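Just so you know, the protein sequences line up as chains A and B, in that order. Using the numbering used here, read the first sequence as starting at 1 and increasing by one per residue. Using the numbering used here, read the second sequence as starting at 509 and increasing by one per residue.
Rather than coming from a laboratory, the hints here were simulated on the basis of the structure. Keep in mind that a hint or two might mislead.
[Said to hold, decoys possible] Some residues of chain B that are not near chain A, with every Cβ distance over 12 Å (derived):
1. Glu512
2. Asn608
3. His687
4. Glu776
[To be verified] Partial list, derived from the structure: chain A residues whose beta carbon lies under 10 Å from chain B:
5. Asn110
6. Arg202
7. Arg464
[Stated by the list, open to error] Just the calculated beta-carbon pair ranges, DEER-fashion:
8. A:Ser406 with B:Gly569: 53 to 59 Å
9. B:Glu567 with A:Val322: 55 to 61 Å
10. B:Asp741 with A:Ser406: 31 to 37 Å
11. A:Ser490 with B:Gly538: 54 to 60 Å
12. A:Glu215 with B:Lys848: 54 to 60 Å
13. B:Gly701 with A:Gly96: 46 to 52 Å
What you are looking at is a predicted structure, and each value in this text was computed from that prediction instead of being measured. For every residue, glycine included, the Cβ atom is placed at its ideal position computed from N, Cα and C.
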Amino acid sequence: MVAKETENAIDRVVVVGGGTAGWMTAAGLASMLGPTGLEITLIESEAIGVVGVGEATLPHIKQFNDTIGVDEAEFMAATSATFKLGIEFVNWGRKGDSYIHPFGEFGLPNDGVAFHQYWRKFAGQPGVGTLDEYSLPVIASRMGRFQPPSDDPRSVLSTYRYAYQFDALQYAPFMRRHAEACGVTRIEGKVVDVSLEPERGRVASLTMDDGRTIEGDLFIDCTGFFGLLIEKTLETGYDDWSEWLPADRAVAVPCKSAGPLLPYTRATAHGAGWSWRIPLQHRTGNGHVYSSQFLSDDGACDTLLDGLEGERLADPRFLRFVTGKRRKLWNRNVVAIGLSGGFLEPLESTSIYLIQEGITKLLELFPADQNCDVEITEYNCWMDLQFERIRDFLILHYNATERDDSDFWNHMSTMQVPDSLRDRLDLFRAHGHVSAYDHGLFLVPSWVAVLIGQRVIPDGHDSRVSRQADADVQRHLAGLKSHMAKAATSMEDHAAYLARNNMMRAAA
Amino acid sequence: MSEERILVEGPALRTGVVGAYLAKNWLGAGRSLAIVPDTGAASSEPFLTRSNVQRFHAELGLPMEQVTKQCGGSLALSTSVQTTDGPAHLPFSPVGLARNGVDFHHFWRRARGVSDQPELMSFSLSLELERADRTPQLAQIAQLPIEFGLRLDRRAYSQTLLSFAKQNGAEVLADADGHSADLVVDCGDTDAGPIWRDGTLRIGPISDIPGMEWHVVGSAALRLSALMAPLNDCAAEQREWTRLAKAERERILDMEELLVLSDPTTTERPALKRKLDVFAACGKIPTEDYEVFAPPEWLAAVWARGFRPRRYDRMADLLPEVDLIGWLSQLHSQITDLTKQPRAA
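Produce the entire structure from the sequences given, and follow the hints as far as they go.
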């Protein structure tokens, strides 16, 4: 790089905190920038527990793993992982409802018009069925089938992507091995003091509990909710989004697996929140996210335990959080990645995605020296947008509902939503058009999945649909539905696929 | 149900673009489309279409060969604009080749620090082919990794599209007298911003940047078609069309300001300021939702206006120096060789 001010150069990165965020960040930086001479140190203490955020992921993680050279089979076995084709939402639109938000398309566009517009016109007519029946990943999920998507864009088997469900407590050690192989130095111990540069207020060094001093040029705060550097030290501030997303607690407990390994996560709505169910190879992860305004801890725990499908494997563990994000994800020479940067409930498995996005953007803007105010501003601008757009999508799940069976749901369904979401809902409700953006995680099929899944059925449809004869469209719908079902049937059983490809973790 | 009627009026080229697209994508049973072109403005001067012209014609089902033949067309690989510092040439295709996700100019910048290198823009195959007067013909272009637009005869193209609209069921009228409509698409010149409200959709101002007339009118038609709903019940769609059109207008104004301000760093346009600041700092060009100009065009524009990044991407250091120099040399030679190939007959 040129124009580097030697005395201000950024050549030493210190990651504070292990866990998923810390080790992903260390591995990402070391893989991409280690060979350029960047020195990366990670500090963690075995005495400090990790939250183990986000056992369920989005398809983007495959790209991250591929980029840093992770072998998929090795990764699957090491983290007891299963494949994931989407998320099932139970009881959200109404009690008793179920839909899957898949990692893929619904049907195929026709004559430039989105598939769901054709479906809308004929929905309710005999044989047409639900929108889910036109999504291969949904059908495969329901059947417990999996196979990687086809590379042939003409094949219906190319219309989806996949993610993973893994044990986050095994993922961090896996990433650690990868990071250390790429040259990351791990320091065991607790940080007991943080020294700031007197004039510029940047973090200069960390003092460890054994008296050592660790200096660095750029610090990555992966200390979770505690926010040792970004908040406790720099007092960055926090944007509180509880107004729209009032869930502020979670209780988690693992249980024994029961039934077949399902290639999807389940999110079941309850009276004051929702519970997750994440099938792993060796156990099932469960948790209940709820609002303490509307439900007690005991009540939340009872709901969770009542819903377990297998024998409980540990005591319930409670978490408290405030939904929102730091006012600046990058402040001075500290970048907050993971829970230290913000928290959005894991309803759409976005926690690890946001870690990944933080790493990717940091790599893209990685500064040469401390004269990097522009890079900091750009990073914060980008991450703010990512957080806000995910926030809107999460609010949608609560707001687009017909549930009125509790104070919680009455509050959520009648609250004032952000203008950006309100306009989007109005547009869809009219004739099924979806307002798309270029920079945001959730694309048109995701919005359609949740909107239709939660009974936001447009009043009308795109008028171009009527340019085709009804009989032709109905024939097309029937053919497509049958084709999708056949394709799903041709896929392998999920567990059998894992076993055949040496992806099962050896029994302890 | 009563018939829905759309009336498109304005200069011939613009009404031709909108009319042809709506005739193909909207007309059907219970709908009528009338076009009132002002043919007075349709001279034979050439005008530019941008690289999305291929998609546009594909959607109409108009073969590119037919359009270029009927309309005296030739391929265009870039937009040329006048700035206060002189002409700027904005290629539709990337300058050089990106490597491992890192744009070429970062590698060029690093190489420039250790050895003499040709100017950055000489690594643009598009610009070098045009500079050497070796712009390929349509039959050859598929062999090259470059995007292209078309330079077309305005009058001939207008007539082609109006004829196409007529063949697909639209009426082409001399004037609008006696024709009422549920929606009037006003393609005329105006300083007022784009808006669709009640029964009128105003395309809005047209930028002087070559290619923008076709682009703005074409995207207005695409957007209108994509948001089609019953014309007496489309308030939400009207708001969305207007929002998107205004966003597009803002992106065009960003580029205009970059090109015409004597000192672009004084801009008060937030998105432009963001682009200039980030580029000057680290050579990246951040994008907004709904960009009009492609990254290579932005790169060429900021470069032409004298902006240079203070550093290159650290990941460009991953390539060993000897490999870097060899790669650039080979790339430049390949481009030079292509510019020396015989002209097509």
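query = So which hints don't hold here, by number, going up?
reply = 1, 2, 5, 6, 9 and 11
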